[in-house]
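Participant: Same order as they appear, the protein sequences are chains R and V. Just so we're aligned: the first sequence equals residues 31 to 315 in this note's numbering. Just so we're aligned: the second sequence equals residues 349 to 935 in this note's numbering.
Possibly wrong hints are sitting among the right ones.
[What the hints assert, rightly or not] If you want a taste of the chain R side facing chain V, the calculated C-beta under 8 Å gives, among others: (1) L70; (2) G71; (3) P74; (4) G97; (5) N116; (6) L119; (7) P176.
It should be emphasised that the hints constitute simulated quantities derived from the structure, not laboratory data. Note that the Cβ used here is the ideal one computed from N, Cα and C, for glycine as well.
Chain by chain, the residues:
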Amino acid sequence: MTETIVRDPKAYKSDLKPIWCPGCGDFGVLAATFRAFSELGLDPDKTVIVSGIGCSGRFPGFVTSYGYHSVHGRALPTAMGVKMANPDLEVIAVGGDGDGFAIGGGHFPHAARRNIDITYVVMNNEIYGLTKGQVSPTSQHDQKSPSSPFGNTESPLNTMATAIAADASFVARGASFRAKELTELILAGINNKGFSFIDAYSPCTSFNNTTQIWKDGVRYLDESHDPSDRAAAFARALDDPMTLGVYYKHERPTMVDQFEALKKAAKPSTADELLDGYALGLTAA
Amino acid sequence: MALPDITLQLAGESGEGVISGGDIFTSGAGRAGYWALTFRTYPAEIKGGPCMFQVRIGANRIKSIGNHTDLLVCFNQEGFDLQHETVGPEGIIIADAESCKVTDEFADRSFEVPFSQIAEEAGGSRRGKNMVVVGTVCGLLDIDTTALEQLILARYAHKGDVGEANIASLRAGGDNARQNLPSVLNVDKPGPAERERILLSGNQAIVAGSLHAGLSYYAGYPITPASDILESLAARLPRHGGVAIQTEDEIAALASVLGAGYTGAKAMTATSGPGLSLMSELIGLAGTAEIPAVIVDSMRAGPSTGMPTKTEQSDLNQAVYGSHGEAPRVVIAPTTVDDCLTCAVEAFNAAETYQVPVILLSDQSLSHRLETVERPDLSEIEVEDRLTLADVASGNGASPNGDGNSAYPRYKLTESGISPMPIPGTPGSYVSTGIEHDEQGHPSYTGEIHQAMQDKRWKKLDALAAGSRVTVTGAEKAQVGILGWGSTEGAAIEAAELLAAEGVTAATFYPRVLCPLPVDRIKKWAEGMDVIVVPEVNYTGQFARMVRSDCEVPVVQLNQISGRPFTAKQIADFITENVKTAAGAAA
Ligand SMILES: Cc1ncc(C[n+]2csc(CCOP(=O)(O)OP(=O)(O)O)c2C)c(N)n1
Ligand code: SF4
Ligand SMILES: [Mg+2]
Chain R
31 MTETIVRDPK AYKSDLKPIW CPGCGDFGVL AATFRAFSEL GLDPDKTVIV
81 SGIGCSGRFP GFVTSYGYHS VHGRALPTAM GVKMANPDLE VIAVGGDGDG
131 FAIGGGHFPH AARRNIDITY VVMNNEIYGL TKGQVSPTSQ HDQKSPSSPF
181 GNTESPLNTM ATAIAADASF VARGASFRAK ELTELILAGI NNKGFSFIDA
231 YSPCTSFNNT TQIWKDGVRY LDESHDPSDR AAAFARALDD PMTLGVYYKH
281 ERPTMVDQFE ALKKAAKPST ADELLDGYAL GLTAA
Chain V
349 MALPDITLQL AGESGEGVIS GGDIFTSGAG RAGYWALTFR TYPAEIKGGP
399 CMFQVRIGAN RIKSIGNHTD LLVCFNQEGF DLQHETVGPE GIIIADAESC
449 KVTDEFADRS FEVPFSQIAE EAGGSRRGKN MVVVGTVCGL LDIDTTALEQ
499 LILARYAHKG DVGEANIASL RAGGDNARQN LPSVLNVDKP GPAERERILL
549 SGNQAIVAGS LHAGLSYYAG YPITPASDIL ESLAARLPRH GGVAIQTEDE
599 IAALASVLGA GYTGAKAMTA TSGPGLSLMS ELIGLAGTAE IPAVIVDSMR
649 AGPSTGMPTK TEQSDLNQAV YGSHGEAPRV VIAPTTVDDC LTCAVEAFNA
699 AETYQVPVIL LSDQSLSHRL ETVERPDLSE IEVEDRLTLA DVASGNGASP
749 NGDGNSAYPR YKLTESGISP MPIPGTPGSY VSTGIEHDEQ GHPSYTGEIH
799 QAMQDKRWKK LDALAAGSRV TVTGAEKAQV GILGWGSTEG AAIEAAELLA
849 AEGVTAATFY PRVLCPLPVD RIKKWAEGMD VIVVPEVNYT GQFARMVRSD
899 CEVPVVQLNQ ISGRPFTAKQ IADFITENVK TAAGAAA
């Protein structure tokens, strides 16, 4: 039995002060993460938080665990490399809606398909915060912004439906201002063996202040919803984007499980043995 | 008179066994003691289309593809039409009697052999045509086929009596050659081998080197001519306790390699020019966050999709200067197949020691040529590991974690510029970042910090520049110096030999590490040369420009972009025609 050290949520708070604006939803996501880590007793030296670029991308700096602040859009493949290089680490990827679904959108379905055993939390503010307010892939149709002065001609990506389509192992929506529930979702995501995706509404008070709309609008999935029912999960995802809860769960062998099995089945070898195969047999062995 | 070596070409249609025949001949000749170096062209079509296999064999180590074809075997008319111009003034042609007519100029040095018919009679199937071809070549050159027959049996062990049929075809081809063809070509017989040799390609050598270095994480996206590295590691890495992953693109490949490198693994990706372009941004991250990684670029003819199956040395600028800002990195160029193995280990050693991304620049011709080389003693090729926090004395400023204290000073400014790296899973948590940062890795945008950190990241490479490996041939003073990089070295050394035979003294200088460039040593060597020629398989003379600007050494460029490697004669002829006179005038 390994000893579980009980850590206060504050133990995960680094002495770097978040650069976020007052009221930014990312504070709530950070706090929920501290509480989830505390509940799980995660060791900061055995935990890695990987992010891309954005206001939300600064997240790892505010946590005492190991962190990796990658380039814009590349949190998921980076996290894959971390996890596959050392499967014993707890790996969390975090980022923004632009980071994850615009520039990094090409990685999302593959992380889900591979079933990398990591937890991915997107701080969804339906806007590009760091670059001061341009529309993002989750912005509303007709939404005005500095880059859509006449209204957004594009429709928002349904992230829940996208994740279910890609067969992510755990698909949930939370909100920064529903602290207890978000903590539980992050906890459940980490506990889920496989690729866990949590889209967390996280309002940008400076460039797209949806705080009140979301606080008024969110509701929860029915108790009767069965997350193992993919069709039902789809139906809920298509229903109403402002619904919080666990939409979908599909546990199956993870990428780590499969590669560990491959390694176990393989006959150990060396580079020298590889060279044997190219040898011309010119000298007596 | 026996030649020291001969260059053989097999030319025909893909699907006729041209390449497999060439491969098996090369292995068989290798086992019979001949040294070999191959060159092949690929059909542009996915199935069908003309293809060619070239191999130069001889009693001594082969350095380049050969100046011209000594023996061309045409499987069909197209084979003749496309390849006869490569045949040397004394070269011989053997044409398929059923399908190929040579032109008048070759009438007195060509012979017809009914390959398919001989195959049908001997082995019961016209499909044994390529074995008849191989037998014909062996018969003509008097190469012992014992080893070849064993290879054939092994290759077709699971295919009933196909092996026996192929051997029958091989022997029938040889018998026919000895009985019906004049003894027009002789090559020196090899002496006994002093050391064991291996026959492999540049990419295979890179794979072997990376495994010796301790590779445990590979990620890549298929692209010619690097895909076979992904494929062989996918099969091989589990046996070494590692993983190989085919990613959704090259960005994901390198991003994950950096994630693995940060986590302590020795990690690699391999690609070609288009993929390296996609990786540019992440090369900057690796340089700034100081993450070890190896990126293989097997160069092909660009720009854009270019000529994907043809060789070129046109990614040097991209390797040395690619990525925004000024991102430190190391660029290493192997020159031969065994050097691919050595350089792969050196790439990992540099990545680990200096905590930088290292780009290993191969090219299509080197990656895919088969070359006989002495079997390296791997125990003599040293493997280096990074300096971790766990390695250095305990404590060392590391903060106990979980108490809210500042992170461990991961980017500590040290004398060497190298700071011990904490490995996730062990004490010393910090945030690895591409944002400019202080010693703790905390974001900082002051001019002083930026200066100090760029100094650190660049100056740590000075030690590498001072000690990197260079191969030099010839005297310290020579009329002509050939200065180059990568796979042109063999042709350059041979060109120097050709020049010597004409009374021109020539020397060669090939640095392995092109970034940071060993400027002082290049300058010093250049002082002894009357004229310096830089041969490159590219259009603009990328290395020549680098030498002019960084070393302030004037050089003459020799560029060709035919999609083929240089021959020694091309380099020697250029020098005799253009440079010798200049040198003479200067003297
Ligand atoms: C390759 C690249 N392109 C553009 C940028 C500029 N950039 C930084 S963050 C960002 C978008 C941020 O939006 P989001 O991902 O939603 O994060 P948020 O700031 O809203 O948390 C952009 C476009 C960049 N850093 N890198
Ligand atoms: S700009 Fe928006 S997302 Fe960024 S810190 Fe401020 S409130 Fe948060
Ligand atoms: Mg955003």
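Participant: Tell me if L70(R) is really an interface residue toward chain V, meaning its C-beta lies closer than 8 Å to one of theirs.
Facilitator: 13 Å, violated
Participant: Under 8 Å, Cβ to Cβ, is where L119(R) needs to be relative to chain V, so tell me if that hint holds or is violated.
Facilitator: 6 Å, holds
Participant: Holds or violated: is the Cβ of P176(R) closer than 8 Å to a Cβ in chain V?
Facilitator: 24 Å, violated
Participant: Take the shortest C-beta to C-beta distance between G71(R) and chain V; is it under 8 Å?
Facilitator: Hint on G71(R): violated, closest Cβ of chain V at ~10 Å, above 8 Å.
Participant: Should the interface hint for N116(R) be scored as holding, given a Cβ-Cβ cut-off of 8 Å against chain V?
Facilitator: 5 Å, holds
Participant: Can P74(R) be said to touch chain V, with a Cβ gap under 8 Å?
Facilitator: 4 Å, holds
Participant: Answer holds if the nearest beta-carbon of chain V is closer than 8 Å to that of G97(R); otherwise answer violated.
Facilitator: Holds: closest Cβ of chain V sits about 4 Å from G97(R), inside 8 Å.
In terms of the numbered hints stated before, the structure departs from hints 1, 2, 7, listed from lowest to highest.
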